[in-house]
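Residue-level listing of the chains:
There are 2 protein chains.
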Amino acid sequence: MSDAKIRRPRAETPKGFRDYFGAEVTQRKAMLDKIAEVYHRYGFDPLETSAVETVESLGKFLPDVDRPNEGVFAWQEDEADWLALRYDLTAPLARVAAQYRNDLPSPYRRYAMGPVWRNEKPGPGRFRQFYQCDADTVGAPSVAADAEICAMLADALEAAGIERGDYVVKVNNRKVLNGVMEVAGLSGDDKEAERGIVLRAIDKIDRLGAEGVRALLGEGRKDDSGDFTKGAGLSDAQADVVMGFTTAKRETGADTVARLRDLVGASALGREGVDELEQIAALLAAQGYGPDRIVIDPGVVRGLGYYTGPVYEAELTFEILDEKGRKRQFGSVAGGGRYDDLVKRFTGQSVPATGVSIGVDRLLAALHAKGRISADTTGPVVVTVMDRDRMADYMAMVGELRAAGIRAETYLGNPKNFGNQLKYADKRNAPIAIIQGGNEADASTVILKDLILGAKIAQNATLEEWKDRPAQVEVPRSDLVAAVRRMLDQN
Amino acid sequence: MSDAKIRRPRAETPKGFRDYFGAEVTQRKAMLDKIAEVYHRYGFDPLETSAVETVESLGKFLPDVDRPNEGVFAWQEDEADWLALRYDLTAPLARVAAQYRNDLPSPYRRYAMGPVWRNEKPGPGRFRQFYQCDADTVGAPSVAADAEICAMLADALEAAGIERGDYVVKVNNRKVLNGVMEVAGLSGDDKEAERGIVLRAIDKIDRLGAEGVRALLGEGRKDDSGDFTKGAGLSDAQADVVMGFTTAKRETGADTVARLRDLVGASALGREGVDELEQIAALLAAQGYGPDRIVIDPGVVRGLGYYTGPVYEAELTFEILDEKGRKRQFGSVAGGGRYDDLVKRFTGQSVPATGVSIGVDRLLAALHAKGRISADTTGPVVVTVMDRDRMADYMAMVGELRAAGIRAETYLGNPKNFGNQLKYADKRNAPIAIIQGGNEADASTVILKDLILGAKIAQNATLEEWKDRPAQVEVPRSDLVAAVRRMLDQN
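These protein sequence lines map, in sequence, to chains A and B.
Read in order, the letters of the first sequence are residues 5 to 495 in our numbering.
Read in order, the letters of the second sequence are residues 5 to 495 in our numbering.
Some hints could be false.
[Stated by the list, open to error] Residues of chain A clear of chain B, computed beta-carbon distances all greater than 12 Å: (1) E60; (2) L62; (3) V245.
[Said to hold, decoys possible] In the DSSO-like style, the derived pairs of lysine-lysine whose C-alpha atoms are separated by at most 30 Å in a straight line are: (4) A/K38 to B/K38; (5) B/K253 to B/K125; (6) A/K33 to B/K33.
The set of hints was computed from the structure by calculation and includes no laboratory data.
Here a beta-carbon is modelled for each residue, glycine too, at the ideal position from N, C-alpha and C.
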């Protein structure tokens, strides 16, 4: 351009997006691999749908989103369909189950892992692209499918590194809640809005407490910032019934079931829901999943509108410090439930389905908090360059190390300043630096510098234990690989 | 809506996109895991950038694309930036290298694997979302970095399952080609368009042959469909020089280098390029990578405009049958080169970089063609449901099998029709079906049906070898796991 100075593009990740480096990638991958192994053992097959879906196929099932296209990244094809990035892995599964219904096995057990995108206002720790890890069974009407997902979720958490006792999978049933709403006089199509408010209010009980939920069941609630949320407008008697449901949990599953049976009274739907919870508990007990891992808990409702039966949630029960240094329970890392109507959108025929989604970033954060991250973060052995004319010799060294399975690299920056090479090795977290100057080359030797030991000595130079262990050795060039291996084994 | 019938959404993958099922996912993953292991051993760290970039940061480096935003999926944020899905993994790397230049080690070796998106007209086998698998070194000016990438590419192909002798990595240098263009009188800013046409013409030599390329160097070329492509308009003498370059390959690397040195004559740039090729060959020889794996081949130019030095390409040398049943060489599965100006777009400072991109789908297709796909596709052991009231018993069986590490599942569809259950087991590729009816339950036994043996016998009922091996056994319930394991080991 002649009349304007060409502006350089900004080198910035778009707002609300982020990049993942090195260990962040390998640690997540290691965790997902372990979870996939459990899913595989349970007979689930992987499915990877395209990131892009038609907007009409996605529908609008995002919570609290009313306008079409809101909440998703969408664009229009030239005078054709609107396309969008998927916002979860369930909507694409519903599309696939409808599209391939004649080819897929039925029931169809599938797992999926990958990024999803939400066009939301970014905030601290709130990203517009994040990973989900889902497992669903499509075409299985029996609650045995829900029980299986709960058991698999428990196994997956343990495989990922969450110890038994540090998590609990809570199971509830929407039919029970809907039965309670019937008792409270909230059935019927004209009460859908009220039921939605009740559902979302109960879903927030951990955060708002009983009082806050009670306010939302009635006239409404003013939060700390002064914002007012309109309530469901229930009478005190109605609200009492609903609140009774949220506090129905008892010492044992059997007692909880008895209390729920009480609450749903004559509601046929509610009784069906209670029966299903009983069956789930029995099926899990038969496989050895006791209440130390999976419990019936009426406090769990899951916010999404599309659940139709059992709902479940995995909660981590240990405490961590929040950003203000206060102890709080880690909370939910996975949730799901039965949604019998999603495939029906496409086909007109109801297809039973149930499944769970693990919040990958939250589970990774939990593993970090518990020190259970396992991926290896050791850097490569760095072969330094003392004499740039002998680059072929250094490349040969690194070639031998790699051929022996040892992670290694030659320094490929400007070799002039040797200090920069050691700084580079430090930054790479290198365990060993290899040095061969002219003298060593003439003598057919190499020097191995133990950088891990060097760092330890630098931290505490007086420790006796290192007295006899040299931080640097000179070995015959022909012993390079063996000497590196010995030094690596020491660390 | 009251005045219009609500139309059901179509259950369709958007045009040009596709879904990957089961083995397609695990086979790709197994291949990428093996390649990642090689990259890791070479000291490369993973990087996962967001799928979304700002359009200004992406720039427009897609080949044959002139209009902004053409070729990418893009949309505008509310009155703010245009965003787009990445079209390759190199542009995001250039952005990252600029954005984090003070934090990253230098040189920075990184690998990346993931989907990229192209907004192109879909066609048979031509998708708008596909995987790439890249490795690049940023900040290394020396051709040792290029040599390293070539060696790593050879190792990665072998790790993935391509045997030595079935591939060759071809190396060339853009500086040599530019030197040849200088000799042909095609240097200078005003000849950029011609140079571009020459570059793209040579890149097509495998497809068009020498005659076709020659036509494109001159007036132009009419293809089989009658479409005319305008040529570079070179004189015969100029075209001779360029064509000499495309046929410069000789028996040995040394002879090829000598021939190239001849061709570039007095061009300083050309001689620099030839020297670099010689250095690369020497560095590779020092690591034991001979011409059986990596060769200097002036026929390789790579179409992309941004390469500034060495370019390389991995070609598979075995033949496959094309869609018309004709034998043809498999061809290219990976390519790359040195691009010293991509980071400069952001920072104004030149940053040397070199790297390779593996075409994941093509490499997978090659492994399929050679029968080198390794991922296990055995289905789960299927526990059938003879009596739905004893679901807990069946779930307990499957629980025991899973706890023993055996892939297993209970049939979760409607159990009424037992034939459907066996059909399901077939569709799942199940090795064994477990059956326990009332009689077996009373006797505390289970029946194991060997479905793999059953299928073999159905194919060839007379074979002697199966005479003594029963396709079905009844074992004590307590021996379930051991008996399943025995039967699996037989197959």
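These are the hints, each one checked on the structure:
1. E60: violated (4 Å)
2. L62: Violated, because the least Cβ-Cβ distance between A/L62 and chain B comes to about 8 Å, which does not exceed 12 Å.
3. V245: holds (33 Å)
4. A/K38 to B/K38: holds (17 Å)
5. B/K253 to B/K125: Answer violated: B/K253 to B/K125 is near 36 Å, above 30 Å.
6. A/K33 to B/K33: Judged against 30 Å, a Cα distance of about 11 Å means the pair holds.
Violated hints for the displayed structure, listed by number in ascending order: 1, 2, 5.
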